[in-house]
Amino acid sequence: MELAKNVSLHYLQDQRTTTNILTIYFTTKFTKERASKRALLLNLIGSMTMDYPSRRRFEQRLAELYGAEITTNLHKKGIYHVFEISLNLVKTKFTREKLDLQNEGIQLLLSCLFDPFLVNEIFPEDLVEIEKIQLIRLLDSLLEDSFYRASLGLQTLFLEDSNLAGSKFGSKEAVRKIASAELYQEYVRMVTEDRVDIFLHGEFPSTVFRYLEECPSFSDRAFSIKGQLTPTKEIKMEKVSLPLHQSVLELGYLLPMIQNEKMKATIVVFHTYFGSGSDSILFQELREKLGIAYTVASDLDLQARQLCIYMGISSSNRETAQKKVEEEILKMNHGIIDEALLKRSKEFLLRHYQVLKDNPYEMMDRTHTLLIDGLSLDDSKYQNDIAKVSPDDLQNLARHLSLQASYYLEGIED
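Its first residue numbered 1, the sequence shown is counted upward by one per residue in the numbering used here.
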């Protein structure tokens with residue numbers, strides 16, 4: 001249902017749950033500066049309003065609503081940066097007095113978004129400074145994870161526009177420069193210009209739909225994102241040495257253009273078969289048989305057309321590990337496919353999809369991703385496409401893989 005231009009309402013009815021969930025996604029183009037500002041908004045928006053100008057009073061109000069929860073989160077989905085706010089509220093039929101709390105809960109959620117706690121028309125400077133300190137600490141702590149650090153390094157090499165590579169929380173340099181007035185301007189931009197997708201999961205009365213339809217803040221917006229995640233035109237490699245006990249090797253392979261749903265299904269199955277999980281080719285070969293990797297797995301970014309192979313290794317095994325990855329891809333080029341493993345990989349994906357359907361947040365997030373990418377929401381087609389992936393499909397895909405970037409984080413104490 002379209003409430004306004006680029007403002008959509010999606011209803012996922014579910015009678016099995018004890019709670020109703022309302023989640024709103026604000027979608028814009030990713031930049032490090034914008035991500036930094038919106039990371040600061042996470043706690044400023046989701047914890048106080050003008051009616052409840054302290055976190056204690058806000059939490060008391062949530063308690064009055066049978067322990068309702070309001071949470072905020074950020075996502076980086078290819079070229080998109082997404083701000084998420086969710087309300088989790090007990091269904092009316094499960095309250096002792098059969099109270100209809102839905103409208104009250106939604107009013108509180110919308111007041112978080114459209115009537116946040118401000119002083120002199122900006123976010124309080126003392127609170128903003130506290131959030132900046134905490135966010136910088138978070139960014140520092142994330143970089144202590146060598147795999148996270150290596151992943152950011154690979155993205156910078158892999159993408160032509162390095163500004164599109166970065167954490168969903170932005171960067172320390174950008175955070176330090178943000179002033180309260182500038183942060184307020186970003187908040188206004190988000191609630192008035194972003195694409196908005198509202199998800200209702202559970203059982204909602206018709207009054208909720210009318211309330212959202214009549215909300216004046218969900219007005220038309222000229223949302224338009226130009227550009228895409230473009231891989232670099234040249235093969236790039238980088239080596240960085242740090243005092244670590246383990247080295248990390250990340251290999252970024254460029255995938256072919258995704259022309260249809262069948263191609264997408266083939267890539268997803270290839271990812272599971274080749275590098276995702278303890279049953280995959282790479283895990284069995286590099287860790288279990290050869291013992292040259294402490295851990296090995298893969299990540300998939302369809303928007304960037306990237307399959308990332310990452311592994312924790314001893315520095316003495318770097319060349320051996322990379323050579324083994326290349327050998328396994330070459331085997332697939334020649335049609336050497338483990339059909340039993342392929343069957344298990346497809347069965348795993350289909351089981352995982354059924355489990356995912358039982359998790360409201362995962363299901364809403366997946367649906368939102370498909371919507372912004374313009375992909376099919378047809379469940380049965382997705383499952384059929386997965387089931388039909390053949391050894392020939394994997395062989396053809398392997399022939400079109402090419403190494404585009406490699407990032408080696410050498411542990412000089414390993």
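Keep in mind that the hints were calculated from the coordinates and are not lab data. Mixed in with the good hints, there may be bad ones.
[Unchecked claim] In silico DSS-like links for lysine-lysine, alpha-carbon gap of 27 Å or less: (1) Lys132 with Lys32; (2) Lys168 with Lys91; (3) Lys76 with Lys324; (4) Lys93 with Lys76; (5) Lys323 with Lys236; (6) Lys323 with Lys233; (7) Lys388 with Lys331; (8) Lys262 with Lys32; (9) Lys233 with Lys168; (10) Lys262 with Lys323; (11) Lys239 with Lys32; (12) Lys346 with Lys357; (13) Lys29 with Lys236; (14) Lys93 with Lys32.
All figures in this text were calculated on a predicted structure; none of them were measured in a lab.
Verification of the supplied hints:
no.	hint	result
1	Lys132 with Lys32	15 Å, holds
2	Lys168 with Lys91	33 Å, violated
3	Lys76 with Lys324	31 Å, violated
4	Lys93 with Lys76	37 Å, violated
5	Lys323 with Lys236	17 Å, holds
6	Lys323 with Lys233	23 Å, holds
7	Lys388 with Lys331	22 Å, holds
8	Lys262 with Lys32	33 Å, violated
9	Lys233 with Lys168	25 Å, holds
10	Lys262 with Lys323	30 Å, violated
11	Lys239 with Lys32	23 Å, holds
12	Lys346 with Lys357	17 Å, holds
13	Lys29 with Lys236	25 Å, holds
14	Lys93 with Lys32	45 Å, violated
In summary, the numbered hints that this structure violates are 2, 3, 4, 8, 10 and 14.
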